[in-house]
Amino acid sequence: MTAHHADLLLLVLLMTDLYMVATSRIAACIRTSAVQGLVLALFPLALSSGAAAPQLFHAVLIGGGTLALKALLIPWLLARVLRKVAIRREVEPFVSLHVSLLLGAALVGIAFWLSMHLPTRAGTPALLVPVALATLLIGFLVVVSRKKAITQVVGYLTMENGVFVFGMSLAHEMPFVVELGILLDLLVGVLVFGLVIHHVSAEFDHIDTDALSELKD
Amino acid sequence: MALLVLVLAPAVAGLAALLIKSVRIDLALFLAVCVAHLGVTLGLWFVPPPAPLGTLLALDLPGHLFLTITSVLFFLTALYAVPYVLHATHDPQAAPHLFVPCLSWFLAAMTLVTVSQHLAVMWAGVEATTLASAPLIYFYRRRRALEATWKYLLVCSVGIALALLGTFFLGIATAGLGEAAPALVLEDLKQAAPHMTRPWLKVAFIMALIGYGTKMGLAPLHTWLPDAHSQAPSPVSALLSGALLNCAFLGVLRFYQICLASGDAAFARTLLVLFGFLSLGLAAAFMVGQRDYKRLLAYSSVENMGILAIGVGLGGAATFGAMLHAVNHSLCKAALFLLAGNVLRAYGSTAASDVRGVLRRLPVSGVLLTAGFLAIGGAPPFGPFMSELVIFQSALQGATPGLGVLFVALLAVAFLGLAGVLLPMLQGARPAGVVPGREATLSVASPLVLCVAVLVLGVYVPAPLSEALRKTAALLGGGLG
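If you're matching them up, the sequences are chains A and B in order.
Just so it is clear: in the first sequence, position 37 is 37 by our numbering, and no numbers are missing.
Just so it is clear: in the second sequence, position 164 is 1164 by our numbering, and no numbers are missing.
You may find that some hints are simply not true.
So, partial list: chain A residues that the calculated Cβ filter (under 8 Å) puts toward chain B [as the list claims (entries may be wrong)]:
1) Leu118
2) Asp208
3) Thr209
Partial selection, computed: residues in chain B whose CB lies under 7 Å from chain A [said to hold, decoys possible]:
4) Ser1157
5) Val1158
6) Phe1168
For the record, the hints were derived by calculation from the structure and aren't laboratory data.
Think of the CB as a built atom: it goes at the ideal place given N, C-alpha and C, for glycine as much as any other residue.
Given the sequences, and given the hints that come with them, work out the whole structure.
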């Protein structure tokens, strides 16, 4: 694969971002997150095309770890939580889906505008900075605009995916054990989130986070 | 090796405690781990620095200072926690079997934060502290605790994601250096800092300040903090406020060190002072007329984190003051939260209006609470008075003396807020429903030690500590006069 493939992958990532803000079905959000995990798993391979064997090996390791966690294990865990709490749709998001799609498009515009002002090193895929920023911002939009706890977790994962795109462009400067640690944190994080959602569902009979508003001054 | 053991021993003990079903054995194990941790941490002050583990772990002065605070607080809190957790085993809504495992992992994660030199490892440590401590906040299975846990998890995870972004931005900032581009290791980054791409370096610092600042409770990113610190069981609140906030601050300081090394730290200083005053002001406003005494203490933590940020941002002697204040605040706030736990157990309410006559009902806790209130309020002769004085003087002598005046004015508001809530609680007659009883030795021993330490620090800072603080301040671009 080549840098051209990297840009292609980034384009797919951008499309999944926009699909995420436009859908109300939570299962679809989780599947989209899995697709993003797959894209991220292929990304280090695309970046290290023509690299020496040790670098390629490093890329395969990171890609494999990302595939296992972000594309398979974490979406599976989330889907399990979703089955347990027995809800399907984001019925009343804080922001309607039309507005949230418009906001998402605006955020993509902002991401491209911002990235014009940030210098990049030679050989970086042209879309890397804008798409990573857009993914981050759209993840944040999902966290703040959706009401269901589980969708907010998917939004947080999307933010992390945006951060990961930046991280993968630095893959050669990071020991594998560090990246493993970051991925492990993410996995444990999803487990803890899942447990808390389970308790919220048992305690409140739903997982609408706007009900979590008793604590105030 | 010593560093790896410091991180792994509590982590393994946590796993063991998860498998052991007896809460008593769990607590004994935890106490043993804390004693060993404290022994090694203190011992490391007397021997040459241990060999670093590759580029991942190494002990430097700021890290060792915060590690020592953490270790001391964990030991004293473990002592306090023994009767606390045993008492909680009778509460059907409590989850005591998760207490020791999560607290052990919490210690392991915080140790990792203080001994890591690779910024991505440090990030993993900070994120792990969130995950280890979230179940602790939900110790009492109540709706409000669940709400606090959810907010803590979501707000801190999202915040911390930005800190990781900042870490990666540092990598991009060095990318222009080609083959000489360093790994994300503190010393290498400091060396490369003068050649970093400025826009990326600045955005990296901003992201780290927002990310770790969220965890540290800097306003306006502090929203989760009063909820989590007030809903958590008191020993956990003591550690969240006394130890964890410092560790998050260390994250900000690491990025600040790199900005200093780049020779272009003015913008970072401005941001620290700005966020510092915002935290100080906002916290002081919420402390006045606060109805819940644990929330009051939580807002006081936001206030004190603001003081730390201001001290480091002002530079010069104020940096020394900030480091001294970090020690003072940790000891003092831990004591206050532990005492608040005693009050809560005796009165069964966190509403300040339900609590009257603490000095009569709990004589020892009452006296200590009075001392702790005066200390954290910045009254002489306690430690925080001295450290706040150093920051104040430095601000007056600095470029904008007005900041010094504002600093003292806001401190005065915070003091009034503390006094308005705590004094009525301490005085008066005991309410009819509250039965008198003896105070358990272990539930007042740790707060007593902490209060005495804060008093001693106000009168005399031991030479070795003063030397360590001075050197730490020098690493953070400050000095003493």
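Quick rundown of the hints versus the structure:
1. Leu118: Holds, because the Cβ-Cβ distance from Leu118/A to chain B comes to roughly 6 Å (cut-off 8 Å).
2. Asp208: At about 12 Å, which exceeds the 8 Å cut-off, the nearest Cβ of chain B leaves the hint on Asp208/A violated.
3. Thr209: holds (7 Å)
4. Ser1157: Ser1157/B check passes; min Cβ-Cβ to chain A is 6 Å, inside 7 Å.
5. Val1158: This hint holds: Val1158/B lies near chain A, its Cβ roughly 6 Å from the closest one there, short of 7 Å.
6. Phe1168: Holds: closest Cβ of chain A sits about 4 Å from Phe1168/B, inside 7 Å.
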